[in-house]
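Colleague: Protein chains in written order, with the working numbering: chain S, 1 to 171; chain B, 1 to 289.
Hints listed in this document are in silico derivations from the structure and should not be mistaken for laboratory results.
You may find that some hints are simply not true.
Some chain S residues judged to face chain B by a derived CB distance under 10 angstroms, without partners named [claimed, not checked]:
#1 T22
#2 I23
#3 V27
#4 N98
#5 G168
Taking CB as the label site, the calculated pair distances span [stated by the list, open to error]:
#6 S:Q28 <-> B:S122: 54 to 60 angstroms
#7 B:R221 <-> S:V62: 51 to 57 angstroms
#8 B:D172 <-> S:A56: 51 to 57 angstroms
#9 S:A95 <-> B:A102: 36 to 42 angstroms
#10 B:A102 <-> S:G97: 15 to 21 angstroms
#11 S:R46 <-> B:T140: 51 to 57 angstroms
Note that the coordinates shown come from a computational prediction; the quantities given were computed from them, not determined experimentally.
For every residue, glycine included, the Cβ atom is placed at its ideal position computed from N, Cα and C.
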Amino acid sequence: MTDGFSQSGTEGLPSGYPTYTTIRTPVQNLTAPTSWDYQAIDLADRLKRGPDNNLATIEDNVEIFVVGFFPIPYNSSTASNNWARSRAAATGSVAAGNHPCPAATLPSAGANTFSYASNSVAPGVDELLNTISSSTPGSCDHYFPIAKSEGASLPQLFQIMAGSIARGRLQ
Amino acid sequence: MRRERLDSVMRWCRGWQALSTRRVKGQIAYMAVLLTSLMGLAGAGVDYGLIVVESARLQNALDAGVLAGARALVLSTAATQGAATNPASGTRNYDDEQAAKAFLVSNGYNVTGLNGVTFTFSSSASVKGASNDTMQINGTVVKPTSFWKAIGINSTTITQRATAVSTGGMVDVMLSLDLTGSMEMSGNDDLGNLRNAVNAFIDQMQLSTTVTRGTRMGIARWAGVNCSWWRGTSSSPPAGAADNDRYIDMDKGATPGAPARRHARPTAATTLPRPTGWRARCGDHDGRF
């Protein structure tokens with residue numbers, strides 16, 4: 001559950017704040033705050049693999065659901081305090097059940113309903129959070145965007161998420 | 001002397017033959033009654049067996065349907081619950097019924113009320129349910145009989161019921177919550193909504209201290225590199241004191257423990273009005289999570 005952005009920019013960072021070398025290829029050596037996004041992806045990837053660091057042994061794997069909670073309307077400004085960069089949250093509503101995610105198919109870049117790093121203001125926050133989640137490739141089935149203006153629907157969204165985790169039990 | 005003995009034997013044989021003939025006739029009558037009874041019992045057994053089989057088949061179908069329905073109930077994105085009977089499309093009751101009906105049909109049952117088969121669906125909130133998370137299906141099948149008709153029983157009504165609740169089962173869940181300042185600054189009581197959502201999630205997962213094989217859950221508060229986990233103050237109490245307010249504490253100082261000043265929650269805005277040189281400390285960390 002996050003709005004996907006760092007609270008602060010580079011100001012106030014301790015001097016000598018370490019750079020980060022990515023685990024996934026291509027290996028990159030990055031400085032903050034860019035490095036934080038890559039670090040989050042690496043950490044999530046490691047978490048998904050479970051204690052044995054093996055994605056194929058699913059018994060111990062961790063499933064990650066991400067709820068993106070964004071201000072709307074979508075704003076393409078590059079200002080560091082612009083956090084309204086989620087097209088997915090700005091499209092549709094939880095009440096109507098028509099946010100583009102979660103879904104079995106990723107919205108196309110041309111639809112402008114999903115913030116890709118390639119066609120949106122960096123970091124392409126929808127793509128970033130969906131990558132962190134356990135969505136199967138080509139889908140956003142583990143990513144739940146929601147606008148802050150529909151925050152009253154947040155409990156409903158969490159219930160839907162719980163429903164996707166839960167299983168029926170006979171009584 | 002020999003002839004007399006022979007006559008005596010012949011008389012005995014004729015007597016025995018007559019007696020045997022009477023016995024055979026009696027045995028035939030006895031066997032006829034016995035076979036009729038056995039056939040009747042066998043026929044009754046066949047009907048009873050068919051009823052038992054149908055009853056088990058109905059229960060299996062109901063179990064499958066109610067499990068699917070309970071899951072659809074909590075997965076439904078419909079905002080409204082819908083009428084208890086004949087729910088309209090676009091309601092949660094409608095979604096769970098459709099899911100359940102699909103499984104009833106796949107188990108060979110007509111769900112349109114034909115052929116003496118009827119189902120009634122209902123949903124409710126469990127003790128811990130934040131919303132309706134429990135589904136019940138009652139199924140009735142009128143089963144025609146074959147042999148029982150001989151004694152006036154042309155059919156028998158089989159009634160079964162299944163109930164299922166949606167629960168997390170043996171799943172461990174960790175909620176990682178972003179409580180940084182931006183999560184509160186839209187003016188829409190974002191963290192209040194988040195609290196309600198977490199409560200709904202916990203209820204939906206049916207947490208219980210008595211169910212050892214149930215869901216276990218933890219909550220991690222995520223702050224970020226520049227957040228320090230000490231509480232700000234609303235006016236001028238000592239640094240680190242609890243203020244128990246609903247405001248984001250922002251401070252210019254870089255040292256945790258330095259006096260904090262409150263930054264009033266702004267009105268709705270799409271962007272955070274962050275004064276130059278200021279940075280948000282942790283979000284609402286008054287201990288409510």
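Colleague: It remains to establish, for every hint, whether it holds in the given structure.
Modeller: Cross-check of the supplied hints:
1. T22: Violated: closest Cβ of chain B sits about 18 angstroms from T22 of chain S, beyond 10 angstroms.
2. I23: Nearest chain B Cβ about 19 angstroms off; hint violated.
3. V27: 22 angstroms, violated
4. N98: 9 angstroms, holds
5. G168: 4 angstroms, holds
6. S:Q28 <-> B:S122: 54 to 60 angstroms: 57 angstroms, holds
7. B:R221 <-> S:V62: 51 to 57 angstroms: For V62 of chain S against R221 of chain B, whose Cβ atoms are near 19 angstroms apart, the range 51 to 57 angstroms is violated.
8. B:D172 <-> S:A56: 51 to 57 angstroms: 21 angstroms, violated
9. S:A95 <-> B:A102: 36 to 42 angstroms: Once the Cβ atoms are compared, 25 angstroms apart, the range 36 to 42 angstroms for A102 of chain B and A95 of chain S is violated.
10. B:A102 <-> S:G97: 15 to 21 angstroms: With Cβ atoms ~19 angstroms apart, the hint holds.
11. S:R46 <-> B:T140: 51 to 57 angstroms: Hint holds: Cβ distance 54 angstroms, inside 51 to 57 angstroms.
The structure is inconsistent with the numbered hints 1, 2, 3, 7, 8 and 9, although it conforms to all the rest.
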